[in-house]
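Which chain is which? The protein sequence lines are P, F and L, in order. Per my numbering, the very first residue in the first sequence carries number 2; after that it's consecutive. Per my numbering, the very first residue in the second sequence carries number 520; after that it's consecutive. Per my numbering, the very first residue in the third sequence carries number 898; after that it's consecutive.
Think of the hints as simulated: they come from the structure by calculation, not from any bench. Source: prediction; values computed, not measured. Glycine residues also receive a C-beta, built at the ideal position from the N, C-alpha and C atoms. Treat the hints with caution; some may be incorrect.
[What the hints assert, rightly or not] The calculated lysine to any residue pairs, modelled on SDA-like cross-linking and capped at a C-alpha distance of 20 Å, are:
hint: 1; chain 1: L; residue 1: Lys930; chain 2: L; residue 2: Ile1138
hint: 2; chain 1: L; residue 1: Lys1008; chain 2: F; residue 2: Glu521
hint: 3; chain 1: P; residue 1: Lys61; chain 2: F; residue 2: Glu521
[To be verified] Cβ-Cβ distance ranges computed for the label pairs, FRET-style:
hint: 4; chain 1: P; residue 1: Gly95; chain 2: F; residue 2: Leu600; range: 26 to 34 Å
hint: 5; chain 1: P; residue 1: Arg131; chain 2: F; residue 2: Pro680; range: 44 to 52 Å
hint: 6; chain 1: F; residue 1: Asp581; chain 2: L; residue 2: Ala1068; range: 23 to 31 Å
hint: 7; chain 1: P; residue 1: Ala123; chain 2: L; residue 2: Glu985; range: 40 to 48 Å
hint: 8; chain 1: P; residue 1: Pro27; chain 2: F; residue 2: Leu600; range: 34 to 42 Å
hint: 9; chain 1: L; residue 1: Ala1176; chain 2: P; residue 2: Arg129; range: 48 to 56 Å
hint: 10; chain 1: L; residue 1: Leu922; chain 2: P; residue 2: Arg66; range: 41 to 49 Å
hint: 11; chain 1: F; residue 1: Ser537; chain 2: P; residue 2: Val78; range: 19 to 27 Å
hint: 12; chain 1: L; residue 1: Phe919; chain 2: P; residue 2: Leu20; range: 53 to 61 Å
hint: 13; chain 1: P; residue 1: Ala161; chain 2: L; residue 2: Ser938; range: 19 to 27 Å
Chain by chain, the residues:
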Amino acid sequence: MKQTAPLIFGFVIGMIMFLQYFIPHPPFTTAYSTVLDWKQVVFGMTLILGILSLLRYHMKHVQRRSSSWRYSVVTLVGFLVMVLGAAVQGTDRGVYSWFFDHVQSPMQSTMFALLAFYVASASYRAFRARSLEAALLLIAGIIVMLGRVPVGDIVQLDVAGTELSLSTISTWILDVPNLATKRGILIGVGLGIVATALKILLGIERTYLGKGA
Amino acid sequence: METVGIWVAAFFTLAIFSFLFRENPIYRFAEHLLVGVSAGYYFVQYLYSSVYKKFWVPVFQDGQWLLIGGGILGGLMLMRLHRRTEWLARFAIAFYVAAWSGYLIPSIIQGQILTQIQSTIIPPHDASGMTWAAHLSAWLVLIGVVSILVYFYFSHEHEGPLRIVSKIGILYLMIGFGASFGYTIMGRITLLIGRFQFLFYDWLGLTPL
Amino acid sequence: MDRLLNVLIRLKDLDRRVLFIFVALAVAIPVLKPMGLPIRSSRESVDFHRELTSLKAGDTILFSFDYDPQTRAELDPMTRVIWTTCFEKGVKIIALTLYPGGVGVADEISKELAEIHGKTYGEDYLFLGYNPDWSGTMLRLGESFRKTYPTDQLGRETGSFPIMENVDSYADTPLLVSVSSSAMAEYWAIWAGGKFGQKVITGNTAIQAVLVYPYYYSGQISGFLGGLKGAAELEMLTGQIGAATRGMDSQTTGHVLMVVFILLGNVAFLAERLRKRRAA
């Protein structure tokens, strides 16, 4: 019952959404709209669940006085400041808005900016032309990197009436082999999505239900 | 208040950058504060936009009682927090995943698979209005897509002609991944540019020389 | 020869913090001392620009802030140019976001630009806010904007605003612009475009832009911008020179440095292989 009932429920909902695509008339359209509305609440609650799990983790750390428990206090204080700020002053001004603009936003941006340094280090240490395939990847990467910035137009050659520069070669790489690659992957991934979705609907794929399913 | 805000933002920016030298207490403080503040921000957003706007107001203020199902399923999701009740969350998870899967099947087939196949097959055969270079490119794309799909076909040993076609697919893939790598570098550097622009222009008040 | 090989091989073990310093200098110096390198526009940016400028005064477009603070450096410049172009042409904007972090971004940019151009909230632009479940939102908008967003971000009834008078679904908006740091742009093209026939143009981060090409060449996306370069191209096409154009010099030196790193790393690798061969 604990495994079968959710699967049957999911099958019914999934078939409503599937059939609605081909029968855009009542009662399927009403059911479809209702499912979409219910989905929005479930989605939000799923994410709230994630946040509550995070808080539970840090509260346990503080309770047990585990190593670096003081940092967990910082996390919990930060959380409370935002929630209380929003509750008292609203979300478009006050503490909530200020912390977003001057604490969260800059730090999130900077976290991602760190990647520029690590990608440079990785390029230097790990990007080796050990084989023909790796060399091809490397050459294509270099051409696109230089072709997409103004330096790509510095050297221009005229070959049989066609302008040849790093910029034009990188454009060709993006428009032809890159297009073929991404399209092939897109078709393959699409087929994979359809197969997995079908397996989920039919109850063959159950790992999403968690342990014991 | 704005000046204080800029100084606070600059402090936290430099605190995060300090990790490049080595991990230190200031970085850890900033990191944990970010986690807490972000969690608080997202909690408020999800609570307001999902629970309040999509459940509380429609059901209890506008009388749309059919939407109570969403609230019930959302509540079941929270049952995951306790071991004894976590099986109840399966109904909510099954609902969401299956609803999504049911809709995905026809829309991905139409919007992703068939459209892309159509765009691959038609141009090489319908060359009207195309230059010879564009027509050649269309054939190269068709060859590339087919050879890549052959490469990803693992149900059969890649021997003989299959091996040759698959090899061509690998070469296309390597060039495509090289292009992705180049663009990834571009994206990462841009994010760093943004932080330097903030530090130099907004915080230190410098102007370009 | 051996001495040269030893020097080259030692390059391999360079402390990464030295590399970090070079990266910082390569990016920081042009921010302070721009070089003013010329920018050439690409076909996809020209198409994006054409779709945007073909809008007429009184048209209402849908604009989706599909990004949050992490990628503001790449996407804010193009967002500002798009909004400025629309406001200058008298095009109205109904904005929304599919990212919770996008609320703060959208709030800041829309208020700032509305003040500069003397635009009124509810008449010239509207911010519907954040809806959880992005897929459901994209599909629901095809039926009705008001049913999808009964209230705006601040809880005011959507239907009460003048901008929503004759607009309630994709059929009433000639264009949807998605500025996105993820695959949202592609999903807008598949659902809003594929199911409801909405014309879609997108602004993407560089990482995402390379994945958009199949949708662009299949006609599902009518034009797109790729990263800071794309934003700089749009700035150049519209004459609104800003942060993106200023950033291209740093982009150039950063890329050149990366290429130097890759080549140096491979030289060290080849030197090691050569020494092993000589020793064998």
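Quick rundown of the hints versus the structure:
Using a Cα cut-off of 20 Å, the hinted pair L/Lys930 and L/Ile1138 holds, with the two alpha carbons roughly 16 Å apart. Under the criterion of a C-alpha separation no larger than 20 Å, the hint pairing L/Lys1008 with F/Glu521 is consistent with the structure, at around 16 Å. Simply put, P/Lys61 and F/Glu521 have alpha-carbon atoms about 37 Å apart, too far for the 20 Å limit, and the pair is violated. Take P/Gly95 and F/Leu600: their Cβ atoms lie about 30 Å apart, and the range 26 to 34 Å holds.
Look at P/Arg131 against F/Pro680: about 28 Å separates their beta carbons, and that is not inside 44 to 52 Å. As the Cβ distance of F/Asp581 to L/Ala1068 is approximately 26 Å, the hint placing it in 23 to 31 Å holds. Between P/Ala123 and L/Glu985 the beta carbons are some 43 Å apart, a value that agrees with the proposed interval 40 to 48 Å. Range check, P/Pro27 to F/Leu600: about 38 Å between beta-carbon atoms, so the 34 to 42 Å window is met.
Here the CB-CB span from L/Ala1176 to P/Arg129 is close to 20 Å, at odds with the stated 48 to 56 Å. For L/Leu922 paired with P/Arg66, a C-beta distance near 44 Å keeps the hint of 41 to 49 Å intact. For the pair F/Ser537 and P/Val78, the supplied restraint of 19 to 27 Å holds, since their beta-carbon distance comes to about 21 Å. For L/Phe919 and P/Leu20, the hinted distance range of 53 to 61 Å is satisfied, since their beta carbons lie about 59 Å from each other.
Roughly 24 Å separates the CB atoms of P/Ala161 and L/Ser938, a value that falls within the hinted 19 to 27 Å.
Against the hints set out earlier in the document, violations occur for numbers 3, 5, 9.
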